[in-house]
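Undergrad: Could you build the full structure based on these sequences and the hints that come with them?
Protein chains in written order, with our numbering: chain Z, 117 to 228; chain B, 15 to 127.
Source of the hints: derived by calculation from the structure; they are not laboratory data. The structure displayed is predicted, hence computed values, not measured ones. A portion of the hints provided could be inaccurate.
Some chain B residues well away from chain Z (every beta-carbon gap over 12 Å; in silico) [unchecked claim]:
#1 Arg-29
#2 Val-33
#3 Arg-77
#4 Pro-84
#5 Glu-89
#6 Asn-91
#7 Asp-99
#8 Ser-100
#9 Cys-105
#10 Glu-114
#11 Val-126
Quick list of simulated restraints, FRET-style, between CB atoms [as the list claims (entries may be wrong)]:
#12 Ala-145/Z - Arg-65/B: 23 to 29 Å
#13 Gly-30/B - Val-186/Z: 36 to 42 Å
#14 Val-186/Z - Leu-97/B: 22 to 28 Å
#15 Ser-79/B - Ser-142/Z: 27 to 33 Å
#16 Lys-27/B - His-188/Z: 39 to 45 Å
#17 Asn-91/B - Pro-198/Z: 39 to 45 Å
#18 Phe-162/Z - Ser-79/B: 46 to 52 Å
#19 Arg-65/B - Asp-147/Z: 22 to 28 Å
Just so you know, even glycine gets a beta-carbon here, dropped at the ideal spot from N, CA and C.
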Amino acid sequence: GESVGLHLPTLSVQEGDNSIINCAYSNSASDYFIWYKQESGKGPQFIIDIRSNMDKRQGQRVTVLLNKTVKHLSLQIAATQPGDSAVYFCAELMEYGNKLVFGAGTILRVKS
Amino acid sequence: ETGVTQSPTHLIKTRGQQVTLRCSSQSGHNTVSWYQQALGQGPQFIFQYYREEENGRGNFPPRFSGLQFPNYSSELNVNALELDDSALYLCASSRRDRGETQYFGPGTRLLVL
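TA: Structure (structure tokens):
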């Protein structure tokens with residue numbers, strides 16, 4: 117079946133450290149992946165995306181890595197800040213672009 | 015913030031009632047997708063509307079239905095509400111013909127008593 121899952125439900129990091137959030141996906145035919153950040157009481161906010169023809173993509177303080185061999189996706193956040201505290205979801209765009217399949221989410225807690 | 019808006023922000027209904035949720039898509043977007051997010055879980059795809067027609071549906075019963083209007087805004091209707099329908103309902107807009115990602119609104123929190 118289709119599923120996108122996360123390895124760690126909760127991640128606690130010290131302010132200023134780097135954070136790594138991992139995700140495993142099951143559909144090897146998927147060609148587009150997205151990371152979202154969701155703060156309490158808000159909708160998911162787009163962070164960064166990557167297509168299957170890439171291994172790495174960088175944004176502002178964030179990097180997404182894609183390993184198609186083992187169907188693994190990761191989000192790296194540099195110099196983590198208190199404002200980064202949220203739930204992070206990876207999602208896989210399926211069925212000709214009309215359906216996002218989300219993982220369960222990872223809670224990121226930043227300690228000051 | 016995205017340009018996707020949803021109304022109302024919160025809603026309380028009783029079992030058996032019907033509810034209509036509304037979504038306005040971001041400027042330039044022609045596709046609206048609806049998701050249900052139960053507490054502590056990731057969003058689950060309900061359906062998508064493109065060119066005013068349903069364009070894909072998740073594992074939800076027929077009492078979940080929708081509409082898309084010529085201005086690309088959309089409604090989600092749920093009939094015969096059940097307690098398990100209590101959730102955050104999210105709308106996301108995108109440009110399907112360009113394969114772009116989906117941008118979410120703030121959601122409508124529905125509580126069914």
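Undergrad: Can we confirm that no CB of chain Z comes within 12 Å of the CB of Pro-84/B?
TA: 20 Å, holds
Undergrad: Regarding the assertion that Glu-114/B does not contact chain Z, is the least Cβ-Cβ distance greater than 12 Å?
TA: Given that some Cβ of chain Z is not farther than 12 Å from that of Glu-114/B, nearest at about 9 Å, it is violated.
Undergrad: Holds or violated: 27 to 33 Å for the Cβ distance of Ser-79/B and Ser-142/Z?
TA: 30 Å, holds
Undergrad: Verify this label for me: Val-126/B is non-interface relative to chain Z, using a Cβ-Cβ cutoff of 12 Å.
TA: 19 Å, holds
Undergrad: Against chain Z, does Glu-89/B keep a CB gap of more than 12 Å to every residue?
TA: Holds: least Cβ distance 17 Å, greater than 12 Å.
Undergrad: Is the distance from the Cβ of Phe-162/Z to the Cβ of Ser-79/B consistent with 46 to 52 Å?
TA: The hint (46 to 52 Å, Cβ to Cβ) is violated, given that Phe-162/Z and Ser-79/B are roughly 27 Å apart.
Undergrad: Measuring Cβ to Cβ, find out whether Arg-29/B lies farther than 12 Å from everything in chain Z.
TA: 25 Å, holds
Undergrad: Taking the minimum C-beta separation from Asn-91/B to chain Z, is that value above 12 Å?
TA: Nearest chain Z Cβ is 20 Å from Asn-91/B, so the label holds.
Undergrad: Between Arg-65/B and Asp-147/Z, does the beta-carbon spacing fit 22 to 28 Å?
TA: Holds, since Arg-65/B and Asp-147/Z (Cβ atoms, about 23 Å apart) stay within the stated range.
Undergrad: Assuming the hint says 22 to 28 Å, is it satisfied by the Cβ distance from Val-186/Z to Leu-97/B or not?
TA: Violated: the Cβ-Cβ distance is about 40 Å, outside 22 to 28 Å.
Undergrad: According to the definition I'm using, a residue is off the interface if its beta carbon is farther than 12 Å from all beta carbons of the partner; does Cys-105/B meet that for chain Z?
TA: 8 Å, violated
Undergrad: Is the claim that Ser-100/B lies outside the interface with chain Z correct, judged by CB distances over 12 Å?
TA: Given a closest Cβ separation of 16 Å, the condition holds.
When the structure is compared with the earlier hints, violations turn up for hints 9, 10, 13, 14, 18 and for no others.
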